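Each residue of the sequence shown is one higher than the one before, starting from 14 at the first, in my numbering.
Just to be clear, a hint being listed does not mean it is correct.
[Unchecked claim] Calculated cross-link-like contacts (lysine to any residue; reagent style SDA-like; alpha-carbon spacing at most 25 Å): (1) K210 to K306; (2) K306 to W316; (3) K210 to R402; (4) K30 to N19; (5) K306 to T69; (6) K306 to L293; (7) K210 to A16; (8) K30 to P20; (9) K210 to W24; (10) K210 to L49; (11) K306 to V82; (12) K30 to R209; (13) K210 to L253; (14) K210 to V256; (15) K30 to A16; (16) K306 to L155; (17) K210 to R301; (18) K306 to L253.
[Claimed, not checked] Quick list of the computed label-pair ranges, beta carbon to beta carbon: (19) L33 to V143: 32 to 42 Å; (20) E167 to L33: 46 to 56 Å; (21) L25 to A362: 34 to 44 Å; (22) Q401 to N19: 49 to 59 Å; (23) L33 to A356: 10 to 20 Å; (24) V226 to G466: 39 to 49 Å.
In short, the hints are calculated from the structure, not lab data.
Just so it is clear, the structure is predicted and the values come from calculations on it, not from any experiment.
Using N, Cα and C, we set each Cβ at its ideal position, and we do this for glycine too.
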Amino acid sequence: MLAALNPMLHWLGTGFKEALAMVWMTWWPLVLGFTLSGMVQSFLPRDGLRSRLGATSLATVAESSLLGVISSSCSYAASAMARALFARGASWTNSIVFMIASTNLVIELGVVLYLLLGWQFVAGQLFGGVVMIAGLALLTHLVFSERSQVALRERVLVDSPPPVRPSSEGWRERFRSRENYRLAARYTMGDLTMLRKELLAGFLIAGFVSTHVPATWWSNVFLSGHGGWTVVENAALAPLLAVISFVCSVGNIPLAAALWANGVAFGGVISFIFADLVTLPLLLIYRRFYGTKPALRLFALLWLVMSAGGLVVDRLFNLAHMIPASHHTSVMSGRFEMGWTLALNIAAAIVLITLWLLTRGGEPRTLSATDPICGMTVDIAAPAAMRQRDGVDYYFCSSRCAERFDRQSAPGGMYEDAEGDQVDPVCSMRVDAHSAPNAVGPDGITYYFCSEGCRATFLAGPSIPAPTKIELGRKPSHE
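Using the sequences and the hints, build the whole thing.
Right, here's the structure in full:
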């Protein structure tokens, strides 16, 4: 029996080992990048930028890009924030430019990209981001007519949260305020919490892909040895691979490293990195936000500028002899380097613990709140969605989190936790509602139990008081 399991255990072990080695190599850059991103989000004011994005011009496109750079790198939050900006008067072009910049031109992505793939990819990412933004500025009005943009704004205004009074603090005042340092810690921990699943999925997929997908498979999917046609095909196909990878944000960088190690062209890897905004879950979100036809046009526009960005970067870097000669990457060796890597990882762990302790110091006096579903810090001057329950305002990073909150707040969902499972009201154990014993309480709510014993205790004992939700990240209602 054990002999039969050995090949499977070896297969799993090598994949997990490679994934863990990549985590080990990138731990300190991740912490550094997210810490710097949290500081940028906390100390640089964004309210003035938002107010000037109504018209599309060279200046406002640049300001939309800057606003994206100083915002979160989460793809889901970026798509929701772009919708919120559009609902508040930003032009459709500026909203899409913001979405691109907030996922492709952020600090933490550059830090991890540098360590996994080298400075050439960081330079390519930055230059390609400019190419994509220029393409969006020129092409968006051709893909979306003025009439269709008016219809889109009417659609998003139906379910948009009301505007909140912006902060008047400038960056100098923010640096002098101790509470803004606590807010920076909250942004850092919130972004890490929001992206934990994407990061985990990215490392696991990259670990198993790099060790178990044979090189012949990659050569059958991506052309090689055909000169310029290789780059064209790789750059066009890579974003389509991202659609089915389900990995977005910083989490797709390890998978990009696996593509590069398996011979995909420089421009194809760059296009894949750009394509974190066209994964299948996000395409479904666009459909819900804007409707089926606009979502398809948006996908076509993003695919075009992402592929073009990778192609342009590849050709220009090839002329400048800046494309790495070798496809070897040190992180794809399954090794756990000691020395400076060990010291920096320990320092990063200490920094992360310190940031976590800062977040426990109470609610900062600022216009921010914590999404009660995913834990991300949300700027309440422009949330993606908000809800009010019993006189309390709740703010969300995306409509997906708001919809989950709605389900949990509905009758029968009050004992449901953030993962979607039910909680036994007797022993507080998490249970699967699809298979767990249940009973209707005296209040008319269906409760779920871990066993028939807890169910019998519930039915035989005194009525249990109505449960309450944990009140996370709320703000008092504004009068």
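Now the hints, each set against the structure:
At most 25 Å may separate the alpha-carbon atoms for a hinted pair to count; K210 and K306 exceed this at roughly 30 Å. Among the hinted pairs, K306 with W316 is consistent with the structure: their alpha-carbon atoms are about 15 Å apart, no more than 25 Å. The suggested pairing of K210 with R402 is violated, with an alpha-carbon distance near 28 Å, which exceeds 25 Å. About 16 Å separates the Cα atoms of K30 and N19, which keeps this hinted pair within 25 Å; it holds.
About 23 Å separates the Cα atoms of K306 and T69, which keeps this hinted pair within 25 Å; it holds. For the hint linking K306 to L293, the alpha-carbon distance of about 16 Å falls within 25 Å, and the restraint holds. Distance hint between K210 and A16 is unfulfilled; the C-alpha atoms sit about 34 Å from each other, more than 25 Å. For the proposed pair K30 and P20, the alpha carbon gap of about 15 Å is at most 25 Å, so the pair holds.
Between K210 and W24, the direct Cα distance comes to roughly 23 Å. Compliance with the 25 Å bound is thereby established for this hinted pair. Between K210 and L49 the alpha-carbon distance is near 21 Å, which keeps this suggested pair within the 25 Å criterion. Between the alpha carbons of K306 and V82 the distance comes to roughly 29 Å, so the proposed pair goes past 25 Å and is violated. At roughly 19 Å between alpha-carbon atoms, K30 and R209 fall within 25 Å of each other, so this suggested pair holds.
The straight-line distance between the Cα atoms of K210 and L253 is roughly 21 Å, inside the 25 Å bound, and the hint therefore holds. For the given pair, K210 sits about 17 Å from V256 by alpha-carbon distance, which is consistent with the 25 Å threshold. Of the pairs offered as hints, the one joining K30 and A16 holds, with about 21 Å between alpha carbons and a cut-off of 25 Å not exceeded. For the proposed pair K306 and L155, the alpha carbon gap of about 15 Å is at most 25 Å, so the pair holds.
In summary, the hint linking K210 to R301 is supported, as the alpha carbons are separated by about 22 Å, within the 25 Å threshold. For the suggested pair K306 and L253, the alpha carbons sit about 19 Å apart, so the restraint of at most 25 Å is met. Remark: the range hint 32 to 42 Å for L33 to V143 is upheld by a beta-carbon distance near 35 Å. Here the CB-CB span from E167 to L33 is close to 50 Å, well matched to the stated 46 to 56 Å.
The given range of 34 to 44 Å is broken by L25 and A362, whose C-beta atoms sit roughly 27 Å from each other. In this structure the hint that Q401 and N19 lie 49 to 59 Å apart at CB holds, the actual value being about 58 Å. Distance hint check for L33 and A356: the Cβ-Cβ separation is about 19 Å, which falls inside the suggested range of 10 to 20 Å. Distance hint check: the CB atoms of V226 and G466 are about 48 Å apart, consistent with the given range 39 to 49 Å.
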